[in-house]
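Those protein sequence lines, which keep their order, are chains A and L.
Using numbering that gives the first Met the number 0, read the first sequence as starting at 0 and increasing by one per residue.
Using numbering that gives the first Met the number 0, read the second sequence as starting at 0 and increasing by one per residue.
It cannot be assumed that every hint is accurate.
As the list claims (entries may be wrong) - Here are the computed distance ranges between Cβ atoms for each label pair:
#	chain 1	residue 1	chain 2	residue 2	range
1	L	Thr-124	A	Pro-297	32 to 38 Å
2	L	Thr-72	A	Pro-110	52 to 58 Å
3	A	Glu-168	L	Ala-96	51 to 57 Å
4	L	Leu-170	A	Lys-260	42 to 48 Å
5	A	Pro-70	L	Glu-99	54 to 60 Å
6	A	Pro-297	L	Glu-89	54 to 60 Å
7	L	Ser-139	A	Arg-399	29 to 35 Å
To be verified - Chain A is faced by these chain L residues, among others (derived, beta-carbon under 7 Å):
#	residue
8	Thr-40
9	Gln-156
10	Ala-317
11	Met-319
I should point out that these hints are in silico values taken from the structure, not numbers from a laboratory.
Computed from a predicted model, the values in this text were never measured in an experiment.
Beta carbons are placed, not taken as given, at the ideal position from N, Cα and C, and that holds for glycine.
There are 2 protein chains.
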Amino acid sequence: MPAAILSIGTELTRGELTNGNARWLGERLTELGFEVVEHATVADDAERIRATLLRLGQGTDVIVCTGGLGPTTDDLTAAAVAEALGVPVERDAASLAAIENRYKALARPMPAANAKQADLPRGATVLENAVGTAPGFVVSVGTARAFFMPGVPMEMQHIFETHVAPAIERLAPRTSHQIHIRTFGWPESVVAERLRDLDLGGSLHSPGVTLGYRVTFPEVEVKVLASAPLADNPADAARELATRVATDVRSRLSDVAYGGKHDTYPQYIGGLLRKVGWKLALAESCTGGLIGKLLTDPPGSSDYFLGSAVVYANTAKARMLGVPEALLRDHGAVSEEVARSMAENALRTSGAEIAVAVTGIAGPTGGSKHKPVGTVCFAVAQRNEPTRSRTELFPGDRERVRLRTAYSALRSVAEAVNHVPAKQF
Amino acid sequence: MPAAILSIGTELTRGELTNGNARWLGERLTELGFEVVEHATVADDAERIRATLLRLGQGTDVIVCTGGLGPTTDDLTAAAVAEALGVPVERDAASLAAIENRYKALARPMPAANAKQADLPRGATVLENAVGTAPGFVVSVGTARAFFMPGVPMEMQHIFETHVAPAIERLAPRTSHQIHIRTFGWPESVVAERLRDLDLGGSLHSPGVTLGYRVTFPEVEVKVLASAPLADNPADAARELATRVATDVRSRLSDVAYGGKHDTYPQYIGGLLRKVGWKLALAESCTGGLIGKLLTDPPGSSDYFLGSAVVYANTAKARMLGVPEALLRDHGAVSEEVARSMAENALRTSGAEIAVAVTGIAGPTGGSKHKPVGTVCFAVAQRNEPTRSRTELFPGDRERVRLRTAYSALRSVAEAVNHVPAKQF
Chain A
0 MPAAILSIGT
10 ELTRGELTNG
20 NARWLGERLT
30 ELGFEVVEHA
40 TVADDAERIR
50 ATLLRLGQGT
60 DVIVCTGGLG
70 PTTDDLTAAA
80 VAEALGVPVE
90 RDAASLAAIE
100 NRYKALARPM
110 PAANAKQADL
120 PRGATVLENA
130 VGTAPGFVVS
140 VGTARAFFMP
150 GVPMEMQHIF
160 ETHVAPAIER
170 LAPRTSHQIH
180 IRTFGWPESV
190 VAERLRDLDL
200 GGSLHSPGVT
210 LGYRVTFPEV
220 EVKVLASAPL
230 ADNPADAARE
240 LATRVATDVR
250 SRLSDVAYGG
260 KHDTYPQYIG
270 GLLRKVGWKL
280 ALAESCTGGL
290 IGKLLTDPPG
300 SSDYFLGSAV
310 VYANTAKARM
320 LGVPEALLRD
330 HGAVSEEVAR
340 SMAENALRTS
350 GAEIAVAVTG
360 IAGPTGGSKH
370 KPVGTVCFAV
380 AQRNEPTRSR
390 TELFPGDRER
400 VRLRTAYSAL
410 RSVAEAVNHV
420 PAKQF
Chain L
0 MPAAILSIGT
10 ELTRGELTNG
20 NARWLGERLT
30 ELGFEVVEHA
40 TVADDAERIR
50 ATLLRLGQGT
60 DVIVCTGGLG
70 PTTDDLTAAA
80 VAEALGVPVE
90 RDAASLAAIE
100 NRYKALARPM
110 PAANAKQADL
120 PRGATVLENA
130 VGTAPGFVVS
140 VGTARAFFMP
150 GVPMEMQHIF
160 ETHVAPAIER
170 LAPRTSHQIH
180 IRTFGWPESV
190 VAERLRDLDL
200 GGSLHSPGVT
210 LGYRVTFPEV
220 EVKVLASAPL
230 ADNPADAARE
240 LATRVATDVR
250 SRLSDVAYGG
260 KHDTYPQYIG
270 GLLRKVGWKL
280 ALAESCTGGL
290 IGKLLTDPPG
300 SSDYFLGSAV
310 VYANTAKARM
320 LGVPEALLRD
330 HGAVSEEVAR
340 SMAENALRTS
350 GAEIAVAVTG
360 IAGPTGGSKH
370 KPVGTVCFAV
380 AQRNEPTRSR
390 TELFPGDRER
400 VRLRTAYSAL
410 RSVAEAVNHV
420 PAKQF
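Only chain A is shown next, with the shape it has when bound in the complex (with noise of 0.2 Å):
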């Protein structure tokens, strides 16, 4: 079932934007089970959407297009789709009813321009927008049936998954399912390798297994994809598939594997602190904040997050947190001495259970031959434990060394956790 994706906007060929629409409905159209063949990105320029939309229309079944519809003169897209179908634009007196309605609950006036907004093509089906006022449409092009949506992605998304999705899931019958497995701690090759055997086996056994890999640093996602188009009930036997083969590669890594594709590591580490009951606390330097904002990031992270000392400066490491100034002077910011003062004194005073401190060199300058840009120090403290502390060396650059430091941070809390001995990441 071949689809196809039309962006039009002139902010996206300028490269003003990042077309992130494109790839949300490319995904969401291969789950759903279709061949996404091509991704085709145009200017507001009538000619070329009408031109673009016929071509695209022979020999695909679904194109989904997003853009243009909104209420300035440079939003083309209604007028567009009616001159490549010979159809004359109308008013559509429901969605201009819709739009009123909807300045109407702001009690805002309606600009003049938004009436624009309910111009539609005659004889397209409208796909109504609950969240903004540019309503969708829908329209038979060659082969294919058209959908048009507002590139606002919210606006987008609401209208694919109420509208488009039900109506194009009949056209492609299930017949893969895959399976995301997000891993943190590896590299892609450590992790590939792990699998390497079960990839090949899995072809020689298991025809219709694929695995995939996608870095995200510093996470590594792999992703088990098994189809299964001449099974007996094919979405089911392809859901079993990557169940199974899902199973042995979690249990291949499972020092490393955390979650499912809506997951995130740091809400992961929060679900693990709140199963033991504990509160954690941190001390920061080089991440400056890091650790506690992408701990924050999920809503509830009160539950087991009590705060973090960023102690960025010398001086704050002294002052606002009582690393001693002997400490410093004689080991130096960057050590483990200092780090597992950093990481004590946040357990004292904050009352935790549990405690990590990073002190680092993130570059690009700060550098020296024993402490080389990279280098950072970790600290873990807990109430009745000795302290533990450890030396890494991070390559990258100064944004990867953050954030490889922060999840690295985050790693220690489970392996405190699940007393998982620390390992080199």
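Please arrange chain L on chain A, whose structure you already have, making use of the hints.
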């Protein structure tokens, strides 16, 4: 001068990766004076690559292509180009030697598959790749020069800047000039309103000037695009025109305009602090460390940033920062009283010249009738100055509330440095 971008890769059509290369190339081609008429993204499918290339070669002057130059069997670009041109693929001896040398330098044996990366369409001109194994190449297709580069962003950007930009620059006589003005503090509608008569007046008095807006939450960027194709010296005339209008734009937005295309707000704030020689400390609750993270993203931030007391839990506000428990009990954690105490304690313990505190309800839960989600209290403490505080109500989800809170806290620093009175934003 019409140009097109062709991206090749099933990982793109399936939405496994966002097409950042197309955005980057769209921006660079626009800067170089080209009109980017289309981005096409196709799967690893030789026939589709061939057909798309021939289609884009009709009516464009430049095609820039990325992807499909790797060593594996699904890297089909060179073969598809050869097919499109009706020529054979031939192994390029110099490119093979370069690949072999690259492996030698890494002291690793060259995998046999990599030799394939030296297979190029007969007649192609090689574009040397100094940062990776796959060389690029250039051929003529229809009316266009078509440049092929690897999909790895770093390699692509390197080859583009080293080989492609110098080759195509002379094709597009520079007749326009664009200036970016970054702002934080007003919503897009207010920014546009302040420039409305200039925008209209510009169209009348300065033909060839258009203003554009781009929202990168919570910032608004204004783009002044001047075009002077009929001037004796179009490039200079366009630059002069853009500079004149940009000066006017900046003066109308002087409260909120802070920099140009490559500036960031945290860097701007850091620059202000550096100028007056102040050290900054923070006390963060609902932002969880985000403000410290933003301030320490740029290197060199230790010149002006001491640290942040991230006191997310109420107990942390008391224990880690010394906020009186009575204050927390009587006024609640989200109150100007607590914010003031946080700022004053951060100032005192850190020894900074200025301290900013934030405490608020980022949501989605935790709101009440009197303090709904989005309520954020700010306080600014300075030595020998009365502590100031204010309360804001920010719309949007947790992420937006946190980001707006962080930027508003940074804006407080600018106001203190510049003695600009606080405004609603």
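Verification of the supplied hints:
| no. | hint | result |
| --- | --- | --- |
| 1 | L:Thr-124 / A:Pro-297: 32 to 38 Å | violated (52 Å) |
| 2 | L:Thr-72 / A:Pro-110: 52 to 58 Å | holds (55 Å) |
| 3 | A:Glu-168 / L:Ala-96: 51 to 57 Å | holds (53 Å) |
| 4 | L:Leu-170 / A:Lys-260: 42 to 48 Å | holds (45 Å) |
| 5 | A:Pro-70 / L:Glu-99: 54 to 60 Å | holds (59 Å) |
| 6 | A:Pro-297 / L:Glu-89: 54 to 60 Å | holds (55 Å) |
| 7 | L:Ser-139 / A:Arg-399: 29 to 35 Å | violated (40 Å) |
| 8 | Thr-40 | holds (4 Å) |
| 9 | Gln-156 | violated (13 Å) |
| 10 | Ala-317 | violated (10 Å) |
| 11 | Met-319 | holds (5 Å) |
Figure legend: structure checked against the earlier numbered hints; hints not met, in rising order: 1, 7, 9, 10.
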